[in-house]
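Colleague: Chains A and B supply the protein sequences, listed in that same order. The numbers in my numbering rise by one with no breaks, and the one at position 37 of the first sequence is 37. The numbers in my numbering rise by one with no breaks, and the one at position 65 of the second sequence is 65.
It is worth saying that the hints were derived from the structure and are not from the lab. Please note that the accuracy of each hint is not assured.
Stated by the list, open to error - For each label pair, taking beta carbons as the anchor points, the in silico distance ranges come out as:
#: 1; chain 1: B; residue 1: I5; chain 2: A; residue 2: V72; range: 18 to 26 Å
#: 2; chain 1: A; residue 1: F57; chain 2: B; residue 2: S109; range: 48 to 56 Å
#: 3; chain 1: A; residue 1: V62; chain 2: B; residue 2: L96; range: 32 to 40 Å
#: 4; chain 1: B; residue 1: I64; chain 2: A; residue 2: A29; range: 48 to 56 Å
To be verified - Which residues of chain B face chain A? A partial, calculated answer using Cβ under 8 Å:
#: 5; residue: L11
#: 6; residue: K43
#: 7; residue: Q60
#: 8; residue: V69
#: 9; residue: F73
#: 10; residue: I74
#: 11; residue: A84
#: 12; residue: T100
#: 13; residue: N103
Said to hold, decoys possible - Listed next, the stretches of chain A that the computed footprint assigns to chain B, with coverage defined by at least 3 CB atoms under 8 Å from CB atoms of chain B:
#: 14; stretch: 18 to 27
#: 15; stretch: 37 to 45
Heads up, the beta-carbon is just placed ideally off N, CA and C, and yes, glycines get one too.
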Amino acid sequence: MNYYYLGIVILLAIGTILALYRLLRGPTAADRMVALDAITNVTAGMIIFIALLSGRFIYVDVTLVFAILSFVGLIIVARYLEGGI
Amino acid sequence: MIGLILYYIGLALCYVGSLFFILGGIGLYRMPDVYNRMQASTKTTTMGLMSIVLGVGLMQPYWIVKAIVIIVFIALTAPVGASAMARAAYKSGIPLWEGTVHNDCDAPSCKEVEQQ
């Protein structure tokens, strides 16, 4: 039963590594920010999967707060690149 | 019995979400332009996160209400963040890929982005 979970974690790790290449290598700041947004989405999926593995309900709240904070960070960096602030 | 069926449906949804994350990563790796990378990665990671959260909510049936709250929040905010990021990338002067065939903001009737 645990091998199913291991497969999901390995797939998530491959997605993270592919996005991490673009985060380190991206020529502009917008590239890096898009890659960081993808990585935060993968991390939110990992957190709610940790909630499933450990059986604790509090990590679902952690996922919600993480999604809110990643959205706020993306909007702030977008406004900064646009020249708004 | 119904719990076991819901468990396997949730596990399949988690695998579908993981495969969408890998598709988003491949799009980020291979696409030639900021805008292409954005449209490749944002939609796939949104779909992947939504299906993983729904899968976990089906595997643990007491969590389904908060999982639906997270899904609604992601569905509302991810397109807003992506469009703000695309607008910021265009206004900060990042050039389009040379194979681009059409750009609506080249026209003088486009008031959204001022001409450079």
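Colleague: Take the hints in turn and mark each one as holding or not.
Modeller: Now the hints, each set against the structure:
One distance hint, 18 to 26 Å for the beta-carbon pair I5 of chain B and V72 of chain A, is violated here, with the actual separation near 38 Å. Between F57 of chain A and S109 of chain B the Cβ separation comes to about 53 Å, which falls inside the hinted range of 48 to 56 Å. A C-beta distance of roughly 39 Å is found between V62 of chain A and L96 of chain B, which places it inside the suggested range of 32 to 40 Å. Restraint check, I64 of chain B to A29 of chain A: a C-beta distance of roughly 39 Å breaks the suggested window 48 to 56 Å.
For L11 of chain B, the suggested interface contact is upheld, since its CB lies about 6 Å from the closest CB of chain A, less than 8 Å. Checking K43 of chain B against chain A by beta carbon gives a least distance of about 11 Å; that is not within 8 Å, so the hint is violated. With its C-beta approaching chain A no nearer than about 6 Å, Q60 of chain B sits inside the 8 Å limit, and its interface hint holds. Taking 8 Å as the C-beta contact cut-off toward chain A, the hint placing V69 of chain B at the interface holds, the least distance being around 7 Å.
Because the beta carbon of F73 of chain B sits about 6 Å from the nearest beta carbon in chain A, less than 8 Å, this interface hint is met. Because the closest C-beta pair between I74 of chain B and chain A is about 6 Å apart, less than 8 Å, the hint holds. Interface hint at A84 of chain B: satisfied, since its Cβ lies 4 Å from the closest Cβ of chain A, which is below the 8 Å cut-off. Interface hint at T100 of chain B: violated, since its Cβ lies 16 Å from the closest Cβ of chain A, which is beyond the 8 Å cut-off.
The criterion of a C-beta within 8 Å of any C-beta in chain A is not met by N103 of chain B, whose closest approach is roughly 17 Å, and the hint is violated. For the stretch 18 to 27 of chain A, the stated coverage by chain B holds: 4 residues have a C-beta nearer than 8 Å to a C-beta of that chain, and at least 3 were required. A count of 6 residues in the stretch 37 to 45 of chain A with a Cβ less than 8 Å from any Cβ of chain B is obtained; the coverage claim is therefore met, three being the minimum.
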